[in-house]
Amino acid sequence: MDQVTSQPISPITGRIARTTPWHQRRRTRRIAHAALVYVLVVPGAVLFTIPLLWMLSTALKDPKQIFVFPPQWIPNPVMWSNFPRGWNDFLPFNTFLINSLIITTSNIIGNLISCSLAAFAFARLRARGKNFLFMLVLGTMLLPQEVTVIPQYVLFTRLGWNDSWLPLMVPPWFGWPFFIFLLRQFFMGIPRELDEAARLDGASSWRILWNVILPLSKPALATVVIFGFIGNWNNFLYPLIYIRSMDKQVLAVALNMFRGAYGNANYQYMMAVSLLVLLPVLLVFFFGQRLFVRGIALTGIKG
Amino acid sequence: MSATTAPTRPRKGFSLRQREEIDFYLFIGLWLIGFILFTGGPILASLAFSFTNWTGLTTQEWVGLENYRQLLFDDKLFWIATRNTFFYSLGSVILGTLGALFVAILLNQKLPGTTLMRVLYYIPSIASGVAVSILWIWLFNPQVGLVNYLLSLVGIPGPPWLASQQWALPALIIKSTWAIGANMIILLAGLQAVPTSLYEAAKIDGAHPWDEFFNVTIPMISPVLFYVLVISTIASFQILTDVLVMTQGGPGTATLVYVYYIYQNAFQYLKMGYASALAWILFAIILALTLLQLWGSKKWVYYEDPGT
Chain A
3 MDQVTSQPIS
13 PITGRIARTT
23 PWHQRRRTRR
33 IAHAALVYVL
43 VVPGAVLFTI
53 PLLWMLSTAL
63 KDPKQIFVFP
73 PQWIPNPVMW
83 SNFPRGWNDF
93 LPFNTFLINS
103 LIITTSNIIG
113 NLISCSLAAF
123 AFARLRARGK
133 NFLFMLVLGT
143 MLLPQEVTVI
153 PQYVLFTRLG
163 WNDSWLPLMV
173 PPWFGWPFFI
183 FLLRQFFMGI
193 PRELDEAARL
203 DGASSWRILW
213 NVILPLSKPA
223 LATVVIFGFI
233 GNWNNFLYPL
243 IYIRSMDKQV
253 LAVALNMFRG
263 AYGNANYQYM
273 MAVSLLVLLP
283 VLLVFFFGQR
293 LFVRGIALTG
303 IKG
Chain B
5 MSATTAPTRP
15 RKGFSLRQRE
25 EIDFYLFIGL
35 WLIGFILFTG
45 GPILASLAFS
55 FTNWTGLTTQ
65 EWVGLENYRQ
75 LLFDDKLFWI
85 ATRNTFFYSL
95 GSVILGTLGA
105 LFVAILLNQK
115 LPGTTLMRVL
125 YYIPSIASGV
135 AVSILWIWLF
145 NPQVGLVNYL
155 LSLVGIPGPP
165 WLASQQWALP
175 ALIIKSTWAI
185 GANMIILLAG
195 LQAVPTSLYE
205 AAKIDGAHPW
215 DEFFNVTIPM
225 ISPVLFYVLV
235 ISTIASFQIL
245 TDVLVMTQGG
255 PGTATLVYVY
265 YIYQNAFQYL
275 KMGYASALAW
285 ILFAIILALT
295 LLQLWGSKKW
305 VYYEDPGT
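Here the protein sequences line up with chains A and B, keeping their order. Quick note, the first sequence lines up with residues 3 to 305 if you use the numbering used here. Quick note, the second sequence lines up with residues 5 to 312 if you use the numbering used here.
Extracted from the complex, chain B is given alone in its bound form (with noise of 0.2 Å):
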């Protein structure tokens, strides 16, 4: 920019060095502000809250661990709504990460219309939010919902989906499989990582396409899926927009989810107290779900460079 070629440039005073600093500390102050207002603060917050039988009308007091104490052995529905999330997390996760690695593996070729189809599995991954939660309410629906129509096409009576105690939390598992395009994306970018080398040399070695996939693509991709993996668990278990729009919860308890929970112990019974017991439980959930999985990935998943 100017003339001045001088290396080092001490102004008002403070060196090179300084100046860098102080230019570090302003460029985050945005986000170090926020972060102690909106994030950190509220996290404190919502530690002692917990801690307290406040509902937002009385004044609180200081309750110590009663409120874990009632939600872990007094609180039915607490536990109904962790097996629920349970159960909604691991079909999700599952038909999710398998679902889209068999796309992303069958797309990963150089075929005519693979970039179409693509697209066309990816689009309702981008397609989110109350529309498609409404979307779907049309195509469960029992009498002349398209869901119900196709499986008469093979044959199978269709059950009455969100109206039924037994097939509504598995209808939010089919929905949330339509949405595996994300993470398809994410494998597809993984596989083709993966250096043409090893397939030529697995193929010189006579590897059957069987030893290839679980032999090479497995481990190169497993950071990748591994990735994928701990993302869709730990979002699996937020489910709420959903369960609003498309069931409340019902019917009766089917569907009651545990951050549906937190909404209606926060925001309709008014109890923040209790409801900040429950969202720290959560956060220890997934805390410890996704520290299970970094510990379990050590045995499957492999990085090619120890030092990254």
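Just chain A, with the same shape it has in the complex (with noise of 0.2 Å):
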């Protein structure tokens, strides 16, 4: 590697100077460092970004201004009429709004209670049967859903839930595998000293659970309300399966119906539509970033 050159004595120390190809130099090489690292990573980005910007152009375009090409970025006029005619003039997106967000705020609360009950007995409770019974929520995990879906079409088509949330609402009261799981693993790091004090001060599991556990555990929790919230919203294959009656449809399916009848020709509601279902997903991921990504390092690399 090294260049075997005759080396110069500097005056002041009296070593051996350096004279380093430019390459070599520390403060240029960290400026040709950085220019690296950016011409690399910023086009990427700006890719990435690009999908999500031509939505929003194509959302405020004039119909007459969407089938140009080359494709121009900045709608001429600014049709922010797209929005509530898209939104309201073919099918009832309101109706489907508001059945997405029972559905949701039902679901993550469910999943809330049931996955911090069963995380904090397998973080904490000593008992038999535990490792087994811990070994069964990580093979869920990793089961294929399509397994279980055509069975549970079944059971619910048998008791009569077709065409209701029942199918979409009942099974996330009964834990999620996944959240039990990201959740334990946020318990186990949480002091033991903490609930044991409080054990022998008398104080039963639902309190230690409560008080202790819970209010420690917000990142975690929070990962939970985020997770579940793009899940269920995003849910398309349990509505489209179960949910007939139009006015008990969902947004994910309401959508794609949209897309079927209209699409086509309107590609300017069809994206209004489109980043108006979508605009909830990433507000959540705005206002909880902190604490999601958090929640997401813990689970990756504990896991």
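Because the hints were derived from the structure by calculation, they are not lab data. Source: prediction; values computed, not measured. Here a beta-carbon is modelled for each residue, glycine too, at the ideal position from N, C-alpha and C. One or more hints might be untrue.
Pairwise CB distance ranges (calculated) [stated by the list, open to error]:
no. : chain 1 : residue 1 : chain 2 : residue 2 : range
1   : A       : Pro217    : B       : Gly159    : 23 to 29 Å
2   : B       : Leu81     : A       : Ala36     : 50 to 56 Å
3   : A       : Met137    : B       : Lys302    : 18 to 24 Å
4   : A       : Leu161    : B       : Gln272    : 21 to 27 Å
Make the complex out of the two chains shown on their own, each in a separate frame, by following the hints.
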């Protein structure tokens, strides 16, 4: 590696002066390095951002401006009216919005309760059969939902739950393996002395969970809320299979119906409505981002 | 809480230990009931269905291994769906993992603007579901779509993507790489956990950045990389929403993927028995791939503390 050259002695220090080539000089190297990183990373970031900007741009365009090639970025005129028209004039999206909100909220609450309870038991309570049951939790995490979707459909149909929200809303109250695992990992990280002190004071397991563990677990609970929101909001297969009536339909399926019925001729409305459906997901992410990223890192690494 | 300080406080005749055990089963009760009703029970039922010719309309008859024989030997679509799924999985997992690793390494530096860059790369992985599938239909529009416009800027005539037998599946792979942000975050967390002392030691030993990457970075993050690989593989085998919304398996059978084929059999043709057999084969494939990766991982995944 090293070039064998005559090495001049520095007059000040008496040491061998470094006549290092430019690419090894520290400052220059740092700048070159930073430049290289930006050159590699910025175009990708732009490329990754373009689709959502393009979505917004299309949503605000006049139909005449849409099928123009090369594409134009700035809508002219800016058609804000695309949003209310797309939302109201074709399908009753307000109804779908309310339905999606009810189902999503209920499912998140159900998940929080059932999964915290189970996670606490797996993290803190000693009992026979615990390891085996925890293996079941892990096992079902890996199980593709396709294996259970068909027999569940048969079961729910037998129960007369077809075309109702029950198939979507009942199971979340009975836990979700991934969230149980996530919360359990987090609970394990909370010092055991805290709840042992409470237990010696005579606190029951319920009290310990409620007063000691949960207040310390906000990042993990936020992760459950955010994942739960995104998962339920985007859930497509279940409502597609179970819900027939228009007045019970949810946003995800309704959006696809909208695409099928009116999409090809109305890209501006399709993008406007899609953007509105996507917006809550982006908002939830922005508000929960800090907690959320910490939660992912935790499960990703400790897993 | 109370003034009692007695270390053991038997209640209603139960010892503290028994009390704890009762609590355990009360606390996991909801999950356990749910597991039996919505997962465990259905799994057994599904296995049983897969040995019948049940169609949801007719009465069911036990046909033994007939469904499995039929799909392995008589069903061309099964093999097409399997091949398409492997192709999609290979493409999306390789691009998704390498892409995420590449971006994570570049963004794992203290340079101005990297936080913004991380957010920009991460947002698309949050944006998911039907809305995004619809967005990509528009992006892949053969005449005025943005993808072909960008290609035309560098002088490449874009294919008709979703309308083309040849390009529809690659289009879905391209769409999937838009969501590498989630993997990137996990890998970033892994990279940040690598002790800087290792890099300093490597520097003192005169290691080239390249050696540093292959002999320090990769071994140290290999458990995280392995996790990403397994999770991505499992997820890629279950692609469904994109196909339901963007292509419906077409054109022809170009994007007929495995889960979509299950969906068609179960909910369009009502061949519940046959679809259950398909689902079990999928489970077997995923399990085999996961075990294969686990086995392969012994050769390249480095665990610092073999005790854990």
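TODO: Starting from the hint list further up, note which numbers the structure goes against and sort them upward.
DONE: Result: hint 1 breaks, nothing else.
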